[in-house]
Structures are given as structure tokens and as C-alpha cells.
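Chemist: Below, each chain spelled out in residue letters.
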Amino acid sequence: MTNKKLHTNTENFRRYLKNEMTRKERNAFEKEIQRDPFAREALEGFESVGGINFENDLQQINERISPKQKRSKTTYWAAAASILLIITAGVIWMQLSDQFKSAEVAENKIIEKNETLTEKDEVQDNLIEEPFVDKTNEEQAKIAVNENQQNRIKEGKGLPEKEISDEKSTAKSIQEEIKPVSPMLEETIAQTEKKLNVESVIEAPQKSSPIQVRGASRADKNWVDGVAFNNQQKKELSTSDSNVAKELRVTNETMREETMIDTGRQVGRKVTTNLVQKIKKDKKAQPLIGMEAYEKYLDEEAILPGDYNKNKVRVKIKFTITEAGHTINFKNLNNANTFVFELATEIINEGPKWQAEISNGKMINSEKLLRITFQKK
Amino acid sequence: MSDKKLLDLLKKTGNPEFLGELFSRYTHLVFGLCLKYLKNEEKSKDTVIDIYEKLQNEIGKHDVDNFKSWLYVVTKNYCLMELRKAKKNGTLYVGNEFEMDHFMENKAELHPIDKEVSVNTDKALLDCIEKLKEQQKRSIKLFYFENKCYREIAEIEKEEEKKIKSRIQNGKRNLKICMEKKNDQ
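Sequences listed follow chains A and B, in order.
Numbered according to my numbering, the first sequence spans residues 408 to 784.
Numbered according to my numbering, the second sequence spans residues 826 to 1010.
Be aware that a few hints might be false.
With a straight-line cut-off of 25 Å between C-alpha atoms, the simulated BS3-like cross-links for lysine-lysine are [as the list claims (entries may be wrong)]:
id: 1; chain 1: B; residue 1: K1006; chain 2: A; residue 2: K719
id: 2; chain 1: A; residue 1: K723; chain 2: B; residue 2: K940
id: 3; chain 1: B; residue 1: K962; chain 2: A; residue 2: K703
id: 4; chain 1: B; residue 1: K940; chain 2: A; residue 2: K738
id: 5; chain 1: A; residue 1: K723; chain 2: B; residue 2: K956
id: 6; chain 1: B; residue 1: K940; chain 2: B; residue 2: K956
The set of hints was computed from the structure by calculation and includes no laboratory data.
In this text the structure is predicted, and so the values were computed from the model without any measurement.
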């Protein structure tokens, strides 16, 4: 039985929790845990609360309690550096926002100019059609001063030369206005344009063919003859004519209903772990062996140690039975002694499995209250 | 340096650095225990700091011989008090801290199976193991005699790791009851 000891220090805890130990090391560590109630309960804590960053959390704690001067000095320097960084970031941000503001102002001016020019038909068409398409100044000048339009102006009895020249100068001034536009503004403009294009697509009525569903996804109750309705989006989804396969998926914690769809036909299956069950009517959670047999099991197991200071202890314990029949979230309702409460928890955890509650044809989580009387034998 | 030596130095000098060093050896256990009872990461971190501050005030008031045991009791009681504050129910103490540090040190007996006992010599233990329920017997033997970890046993028994842990715990408890009966006879 003798085996190499593995201390329950921080490093071994970290390695155990991160699955970095070999199986032999795990056994040695687990044996040490068995000997050490402090370590055993601590490990239960780490295993019961998910998403813990072991190293980071401990580092934070250690930094907070360290009394050493060296660390304090480091902290002060780190704080000073952080403040400096924040100030620098703030200054940069302010400068950037100033640039944006000036870019916006420039944009507004250009837009205003465009609006005044729309009164003049000849120039108006050009400007509305392609306000900022071209990036180079030369091309912008071309937009502003279109040869065909110029001819029209000349022929069309429209604008006198003065006005033409005015428009030219206006166009030039537009060009000049456009000239100093920063690349940042151009990007902003391009992005705005993209947005406008996207919005127009979104707003268009969805009269095109239904969205085809590819790959696996979860079906809900509204599958009808191969056509699925998504309740949230109220859009019509349909299977494509080609193969649409959906996979049966079963997670560790929960069971999900999946619908298997073959080409041309629909097959529904309900899956629980490795068994195929028919949906039953509503039923409360109960032990698989039946409540009577379960109570007998509890009577047999609820034994107090000989050296315990009482002959009889009652524990009122509440726990959750998950969809998968696991027992979790134990609560000590009558504040029974911690030792006896933990005994009760172990007995339930080790005991026969539970059948989850069924409601509306689905297995759901539910709570159960048990009264267990511990006695000496 | 051993815990005992650090504790002696702390008692003599009162230098908080010695307490810091001692505490840092078990910070992970204190944190884990807080997580078990408080079920909240941030709250547990804060509680660890509170416990450390409490130690600074309390260490001088108690004649502590075993720092780790004493820390275990202090931490557990603190967490239970925090739960009481939250629930406003009756107090649930593990025990008086003064009593418990001596209890833990003097009476903390290892379970017979956790001691390094030779398989050949402890006949009573072997007899009691044979009297266990089949599933508990198998798990105990695989863990203690064949040095399998929980994970391996779970694979062999086709059960969850959590269930194997419970089974071994309950098996040990039943063994202890059986051994006590034999001692009484």
C-alpha cells in the first residue's frame, strides 16, 4: 500500500486542477487529500466553482496581503506607471477626437456646399450622382466640371458665362474644399457609404427564396414537413433540396431533443444518454429504484460514528436533480451539524441515481427535500 | 523552515512577516475552503484577506501549536459566520477555536486505512473491508491497494469521478464504524 507522498502544496494543487499530473501522481495526491480534511474541502471548493483562474487569483491575494517593503515599492512604481499610461492614453484620445471633429466640420462644409449647388441643375446631377467617389483631386475636379454639362450649359441657354465661370470657380472651390480632406475623413466617408448601402439591403423586403439551412442546427417544435419556423426571428427557413443532415448531440449536463432529417423524409428521435425513451406524461423526480427502496437505502447508510456525541441527528436537506439525473446544490435547511450534513451529501451522491422531473414532455431540473435521520447502530 | 519554527519566531518577535510566510503556505487552502462555502470567487478572495487580518489580531491571543489546523478551524468558522449573516439563521460552528486547535492537534487520528499500514498485519482492517458493500469494497481496494486514481476507478466502474469519491468516503466511514465495533469487542 505504500506509495510516494505528494504534498498538498500550491504547485501540486495547480497541477492537479490543470490535469498535469500522471495517474500515479493523481493517486498519491488524492491519498494525501484523504488524510487532510483542510485540503480535501479546499479541493471541493475549487471543483465546485467553475472558471477559477487558480494562479491569477492566488497572485492577487498574495499581493494584497504581502507586508514586505520591496513589494510595496514595486506597487508604488507600478501605480505611477499606470497613471502615466492613462494620462498618455487620454491625451492621445483627445487629439484623435479633435481630428475627427475637424474632419466632421470639413465634411459638413462640403455637404452644405453641395446643397447650395443643387439649385443649379447642370452641376447638381453630377454632384448628387457621385459626391466623393474619386479619391484624387484631379478626378474630383472632373466630377465637378463635366464637359458634357459644360456644353449643355453653353448651348442650353441656361447659365450665362458668368455663372458658368462662377460654377467653375465653385467647382474649383469644391475641389479646393475637397483637397485638404484627410485620409481619415475619406475612410469615414467610405464607411458611411458602405453603411448606407448595407441599410438599403436590409430594408429591402425579404421576398427572395427562403434562407437555406446548412449543417447541423437544433430543431424546435415547429418543424412541419421539412420546413422549420424560427420563433424568434419569424423567418421562414427551409431545407434545401440537397442533403441536409442534422446530428444528434448529447451533452454531459443536459439532454437535447434533436431531429434527424434525411433527404426527402423526416425522422424524429428523442435521445437520453445511451437510451431511447418515449416521452412520458408529467412526473415528479424520483429515484430509479423507487422511493420506498431509496428510503430503505437511506436507513441503512445513515449511521453515526460510535464516538459521536449524540445518538440521533436529523438532517433536512434540499438538493437539485438535473435533467441528467445528477444531484447537485445541496442545502442544509435545518442547520444540522456540518459533519452530519456532509455525510448526508455523500450518501445521496453515492446512492442510486434519480429520474429527472418531466414537465410538458421535457426533462427539467427540479428540487427535492429529504429528511434523513442519522442514528447509532 | 518548518511551520513550528516560524510560529516560534512569530511568538517571540511579533514580526508580521513570519505570519505572512506561514499564511502564504496555505493561502490556496483558505481560498478553496472559502469557495466551498461562499460559492463566489470575488467574495472568497475578499474573505481570504479578511481572515488574514483577523489572524494578525488573534494569533497573539491563542496558544497555537499547530498553525495549519488552527487556520482550518478559523477559516471554516469565519465562512460559516458569513453564511449566517447572509441567511440570518442560527449559528453553525465547527467548534470553539480554542478547543479545536488542541483537538485537531492531539486527537486528529488518521483513519486506519490512511495510515501506512502493512496489508499483512492489519487483519481487522482487511476483515472490515471484506464486509463492505461490493461497490465500496471494489473502490477502496482499487484506490488503496492498486493505487488507482479516482479517474481510473471511474473508468473501470463506469461511474462518474464524483460518485467514486463519495463511494470511497462512505466506504471509509463504514470501515471506521466496523473497526470501532471490533475494538469494543
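Chemist: Compare the structure with each hint and give your call.
Modeler: Quick rundown of the hints versus the structure:
no., hint, result
1, B/K1006 to A/K719, "holds (18 Å)"
2, A/K723 to B/K940, "violated (34 Å)"
3, B/K962 to A/K703, "holds (20 Å)"
4, B/K940 to A/K738, "violated (33 Å)"
5, A/K723 to B/K956, "violated (30 Å)"
6, B/K940 to B/K956, "holds (20 Å)"
Going down the numbered hints, you'll see the structure goes against 2, 4, 5, while the others check out.
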